[in-house]
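Colleague: One-letter residues, chain by chain:
Number of protein chains: 2
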Amino acid sequence: MAANGQRKEGIDGPTNPMVTPLLTDLYQFTMAYAYWKAAKHNDRAVFDLYFRRNPFGGEYTVFAGLEECIKLIANFRFSEDEIAFIKETLPTSCEDGFYDYLRSLDCSDVEIHAISEGFVVSPKIPLLRVEGPVAVAQLLETPLVNLINYASLVATNAARHRFVAGKSKLLLEFGLRRAHGPDGGIGASKYCYMGGFDATSNVAAGKLFGIPLRGTHSHAFVSSFMSPDEITEKSLHSSDGSHVCEDFVGSAQAWLSKLKVTSIQRSNLLGGIFAETNQSELAAFASYALAFPNNFLALVDTYDVMRSGIPNFCAIALALHDLGYKAVGIRLDSGDLAYLSCEARNFFKTIEKEFGVPDFGKMNITASNDLNEETLDALNKQGHEVDAFGIGTHLVTCYAQPALGVVFKLVEINNQPRIKLSEDVSKVSIPCKKRSYRLYGKEGYPLVDLMTGENETPPKYYKFPLSFHPIQLMLHKVDVYGSLYCLNGCKLPDLAAYFGLQAGERILCRHPFNESKRAYVVPQHVEELMKCYWPGRSGKVREELPPLKVIRERCIKHLEQMRPDHMRRLNPTPYKVSVSAKLYDFIHFLWLNEAPVGELQ
Amino acid sequence: MAANGQRKEGIDGPTNPMVTPLLTDLYQFTMAYAYWKAAKHNDRAVFDLYFRRNPFGGEYTVFAGLEECIKLIANFRFSEDEIAFIKETLPTSCEDGFYDYLRSLDCSDVEIHAISEGFVVSPKIPLLRVEGPVAVAQLLETPLVNLINYASLVATNAARHRFVAGKSKLLLEFGLRRAHGPDGGIGASKYCYMGGFDATSNVAAGKLFGIPLRGTHSHAFVSSFMSPDEITEKSLHSSDGSHVCEDFVGSAQAWLSKLKVTSIQRSNLLGGIFAETNQSELAAFASYALAFPNNFLALVDTYDVMRSGIPNFCAIALALHDLGYKAVGIRLDSGDLAYLSCEARNFFKTIEKEFGVPDFGKMNITASNDLNEETLDALNKQGHEVDAFGIGTHLVTCYAQPALGVVFKLVEINNQPRIKLSEDVSKVSIPCKKRSYRLYGKEGYPLVDLMTGENETPPKYYKFPLSFHPIQLMLHKVDVYGSLYCLNGCKLPDLAAYFGLQAGERILCRHPFNESKRAYVVPQHVEELMKCYWPGRSGKVREELPPLKVIRERCIKHLEQMRPDHMRRLNPTPYKVSVSAKLYDFIHFLWLNEAPVGELQ
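Read top to bottom, the protein sequences are chains G and E.
Residue numbers for the first sequence, in my numbering: 368 to 968.
Residue numbers for the second sequence, in my numbering: 368 to 968.
Hints listed in this document are in silico derivations from the structure and should not be mistaken for laboratory results.
Hints should not be assumed to be uniformly reliable.
Pairs count within a copy or across copies, as identical chains cannot be separated in the list.
In the DMTMM-like style, the derived pairs of lysine to aspartate or glutamate whose C-alpha atoms are separated by at most 25 angstroms in a straight line are [to be verified]: (1) Lys-625 / Glu-961; (2) Lys-720 / Asp-565; (3) Lys-907 / Glu-478; (4) Lys-454 / Asp-689; (5) Lys-729 / Asp-932; (6) Lys-625 / Glu-721; (7) Lys-748 / Asp-932; (8) Lys-716 / Asp-791.
In this text, all values refer to a predicted model and were calculated from it rather than measured experimentally.
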């Protein structure tokens, strides 16, 4: 398996060794042959990779998958074995010179500009731009789209779940078993972490990407025990090693009897009073505690949460407490999670009070069982006491919308702009090699994304001449938005107004296809979105691929930076994507030029 | 990358080398440690792998993924590197002996029974039964569920698309770019083929599994051309090599002019009459035809299907025809596919008639563009002329339901039956090591699936003593359902009735959880569902893993064998899953035994 990270001499291959130049659609090879046959294979093409609509009814998408794309590009070469297979597959009439051409292929003449991984992105804006020989760029289409589509979709889904759950909750990705195949699972773990999850259950992903791992035991563990009698080694030394409890199971059973006759029972907290808890469950919990006295977290719903799981858990936790250990908590995997978590919390708090066990009331409550954005939202509305959510199926399969429509469109060839028309206006491509900018407003929020032609003057904004101007002395800090604050806390625009300076140039932002939708924007700050991630022969500096943790932090920061109304789960305010006036005119000139004209008779 | 197929000395590893024993949930390791610490790790456990509900609102599921499971099991061993990572991950308090235990682990003591891959299966019936040391069986849980969940889901989805499209249509899987990661795509290609698709666009899957490959060119190919002038090499020799057309492009342009003034135009077949077709499109088509004169299939919707794509295609196809080549057809990727395919067909037929080109009217029409069960059904209702469907997103992401809920439940340990209770009855597990049978009725359709205890007498059915009975002479054939026909075409049950024989024993089939639902069945034929795919130390014969093509044929046969009302897309008749009377009684005895009893005061 390819190791993660970078080799001394270059960039390692994709995480999944199955990602080879053959992981593409057959038509990329038939086209490559046709290009080659027409001596057109080295025509210089520019392709934009973008999506047309945000997923999940939202107004944002997290861009993910770039690192794997660059790893593919850096190692893009056909093996003899692969070439032999292509030869076998194409018609026998295809000339041998083509296979020599394939033999010589790599991405040294390809240039990749991309938005950085973890950025919040919007429809139509190129996420990645591929420039290079048209045949090579086409061969890259399918794997690039594959590597970005699911990555961005599931990272966005993770971000959405984080948004509903709130910052304070621990979010655990538990989806491996339901994911679409092995690296559906591995990808899910990587990109959910990027989108704001805290940990995964997937050990392979933990090893590959350094993601924190979480997990305790399943229902099967509980039901694999028959009774406490089968535990032969019942002794447990105390946390400080000072003494040994010879019969830990007996100690837990004693606590269970005590719980039965306390005021907890009388106060009817257990929603009906428990009589006999399930003894195989008690045995399983005891066994797990004996193995992990410092990490005791029990799944309490194998038989009956309130009548068996919780009392059994508390008996073990109290027995652990007697030995100086602190139990971690419980996991609920069925039933009414709002109700059960509140009941459990009350029970824990009552124990804290009744038996004077410090922090027993703060016991961690983890919930799982088919959670998604809706159920998290419903739990919030009902009120709950859950500290951590384990989310699987809905998260990793992107149940609410399992596909993102990333496309890869030719926008220029041999310096000639190209357009793809469609009866559906939303499917018309935006031609030309372009630049994209994010324009920020006074409040520090992104206002609009703007595409311009490659050679248009970039939008101007107020760059304060720090070193020459007298206000320099009053400067206090520069915040993440590039806004300047002075000592009295007022922002630079106010100062700029005070000094009669303008914050930025007025820029006309136009909807690419709707002539009536346009707005003037005076940006407070402008950020160019694409950077060079693979310079080819351009001589540009290659942007480094940062570690996953850095991408994750960037992603979380960018999500927090968005204006809250764009982030709403339901009916969010549309985030605007625009083109410059010049580009608008050019699109529509080209459109008229390419569309066939009918004749009425 | 692991090669596919079998090595001399055993079974190769999983197709995706990322499928290792580490591709599992962390809790499998924490449980393994707790079992080991309690000296319980070698307790003999039986786990059933099954799902609870058919996907897509249907009444059937195709079982897929078994081969990859067996490949994992056959090669299940931890590397030192993996053990080091587990040690790093578990608490430092874990004893070193556990890692020695992991070092010694393999699946030589595990026994796997499974339904054969490609079978039509139903909820609750074990698809796979794992017997072995409890700790090992648990470690297998996550990867087995992962490998079967998506495989079965997408194979079922493919079968459903085939059912709506009909047997005569060519179905092409085009989903790689939208699949959930690289082997989401590779898995999709494998299992869609298994479920009845004819080919894929995914070259890597073609190489790995020998699936037929299909594909021609994209919109980008079309828009990469500017005009016919850029084609420098315009000559094409005739199909029989007897002469050369020096200007193939000119020949196509001449045909285009001819098409403009014919009665085809006058008859207004082009839905408005075409004037100038898009010349860059004509150039692209010409170029593709020059590269693949025997395989000319053109994507006709880059600019305008009726005003440009179809006339341009026909001009090229007619020019090819002049040289003795036969064009393959067109692909439509947008717009009203029903209408456009019918218009295109009419146009082709008119050309056949007008210019006397044989079979021009039978030109292949492929359609793609976000197809799914509903759109296929709608196309059928509207009437269309499509011969082949290219299906991507909805097929491979299982858009209509992106997850199958395969679970893995402990049903026995140390010969003691175990049950998992739940407030949701559908989540209660069916305890005991079991056998499953499919009972067939008179018409040859499966009637009901039946689970019994492992040691119950198998259900009896009429096995005709062929070699001794006088009707032997009248026997004509044995059909796929095991029904016997005599020379006059009447089925054995009639004969059996005639001779006063009974077709089978009356068997009481009970719903596992609903006491009022039960039925007597007199099966015509009984098939035991699970076979031994990994004998462990049992000495049983290991069922061979057949090639993909054989599984595919089996799958198609099994799907055809189902009673049509179970296969309906909407509101299908439920297919019954039952337990024997004995097993029913036992389930309910155990249930009462395990459920905690409350006390009312």
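Colleague: Output the numbers, in ascending order, of every earlier hint that fails for this structure.
Modeller: Hint check: 2, 4, 5 and 8 fail, others pass.
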